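Asks: Residues per chain are reported as follows:
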Amino acid sequence: MLRPRIIPCLLVHNGGLVKTCRFAEPAYVGDPVNAVRIFNEKEVDELFVADIDASVRGAEPDYSLIANLAAECRMPLAYAGGVRTVEQVERIVALGVEKVAIGAAAIATPEFVTAAAGKVGSQSIAVVADVRKAVDRYEVFTHNGARAARRTAEELAAWAEQAGAGEVIVNNIDRDGMMTGYDLDLVERCRQATGLPITVLGGAASLGDIARLIARFPIIGAAAGSLFVFKGKYRAVLINYPDRTAKTRLMGTGSGKVEPR
Amino acid sequence: MIAIVAYGLGNVQAIANIYRRLNVEARLVSTSEELRAADRIVLPGVGSFDWAMEALARSGLRETLDELVMGERRSVLGICVGMQMMARKSEEGTSAGLGWIDAEVKRLPQADGLMLPHMGWNDVEPRAASPLFEGLDTDARFYFLHSYYFLPNDEGVVIAAADYGKQFACAVQSGNVYGAQFHPEKSHGWGIRLLKNFAEM
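Keeping their order, the protein sequence lines are chains A and B. Using numbering that gives the first Met the number 0, you'd call the opening residue of the first sequence number 0 and step up by one each time. Using numbering that gives the first Met the number 0, you'd call the opening residue of the second sequence number 0 and step up by one each time.
Accuracy of the hints is not assured; some may be wrong.
As the list claims (entries may be wrong) - PhoX-like cross-link-like pairs, simulated, lysine-lysine; straight-line CA separation at most 25 Å:
1. A/Lys232 with A/Lys246
2. B/Lys88 with B/Lys165
3. A/Lys118 with B/Lys105
4. B/Lys105 with B/Lys165
5. A/Lys230 with A/Lys246
6. B/Lys195 with A/Lys41
7. B/Lys88 with B/Lys105
8. A/Lys41 with A/Lys232
9. A/Lys118 with B/Lys88
Simulated from the structure, these hints should not be mistaken for lab results. Computed from a prediction, not measured in an experiment: that's the story for all the values here.
Please construct the entire structure, taking both the sequences and the accompanying hints into account.
Replies: Put into structure tokens, the structure is as follows:
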């Protein structure tokens, strides 16, 4: 049986790990390679690392950091940040990254997604939809939420499949770091729009939130930042992740009950 | 010594790190001379079929690999696209495969609302005893990331199957040639055990 993927999301800013709230106020939480080592021990399903400086500064991805992370990771790694050419994608995949996530460049130069997938294969290309709710629809933004893409989440998700990508990572900006739960309506809309695997990010506060997501969408990537790096109401930095038993319980196949909200 | 074929793609460093921790001598190898010194070979792979075949051709290692694997019967483990490359051909591209196993690579059917690619941790069902799975119990699971699968002409080479819309061969063995569709280097303790088994058998 294919299991849902429970994915810590790490943000890189000025070479260190940070956690943001609504894409702002980055708080330092530690060293990236050290965090990967801890997540190895915790048998994490997959890891998502986003460099939040690269696109905004128009900088090249930090290849030496990516190489160090990929070599350390005993679980699959997805990378996002500043990727806009096929050469960059090839280089990152060759460093041992399983999946390259594309945000701003998917809007600016959509044909690039198709070209990249043609080279490294669809399974290694993910399209990122960072969205905000606007009354009755979800609008996509790029550059850490600064630029409107004039597209809805569903439009981008449907397009990603046509373009040859292999995954859609959908992130509700307004829930980033807020720990108010996943936006299940957003997931439902994307699910209807695409046959690609979806990873959801933004808002998870507890394992109960993940359990509720999985109960409705059994094959899903449940990603979270704050949940896996903070503990308690004062947001003390403590890397944590459900162990095998807790994970089985989350999928509803064990005998245990899901923790209440 | 285990040679990890470094032809420009695949997670060579993660495999090397695992062997280092296991105290198994393994090297990233990019010349024929180094390759010949190996008693076992790991052929990793990430990416599309044609891209991987082209990269292997460019590396200049293909003839030596053919000679060592088919001629001298040295043990080889293909991982993900590295496994698919051992087939004769793939629906994903037009390049000819290595043809070490009589097999074709086909696209997984997108049926019953199943999403493609097949992405994530899946159970693996043993089909035949193989030293590769020594000590791995039935709760072993591995990380998959692919839309194409390995279809051998002879079912007898299948040592493990996985289920995603259909049953498919996720590990094969034909004599000295081994393949795994999943990524053992990205599958925690289960994958480490499998890589250790390959080093010790």
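Asks: Hint by hint, say whether it matches the structure.
Replies: Here is what the structure says about each hint:
1. A/Lys232 with A/Lys246: The hint holds at about 23 Å.
2. B/Lys88 with B/Lys165: Measuring from Cα to Cα gives roughly 21 Å; hence the hint holds.
3. A/Lys118 with B/Lys105: holds (18 Å)
4. B/Lys105 with B/Lys165: The hint holds at about 12 Å.
5. A/Lys230 with A/Lys246: holds (18 Å)
6. B/Lys195 with A/Lys41: holds (21 Å)
7. B/Lys88 with B/Lys105: holds (9 Å)
8. A/Lys41 with A/Lys232: The hint holds at about 23 Å.
9. A/Lys118 with B/Lys88: Between A/Lys118 and B/Lys88 the Cα gap is close to 17 Å, so the pair holds against 25 Å.
Of the numbered hints given earlier, the model fails none.
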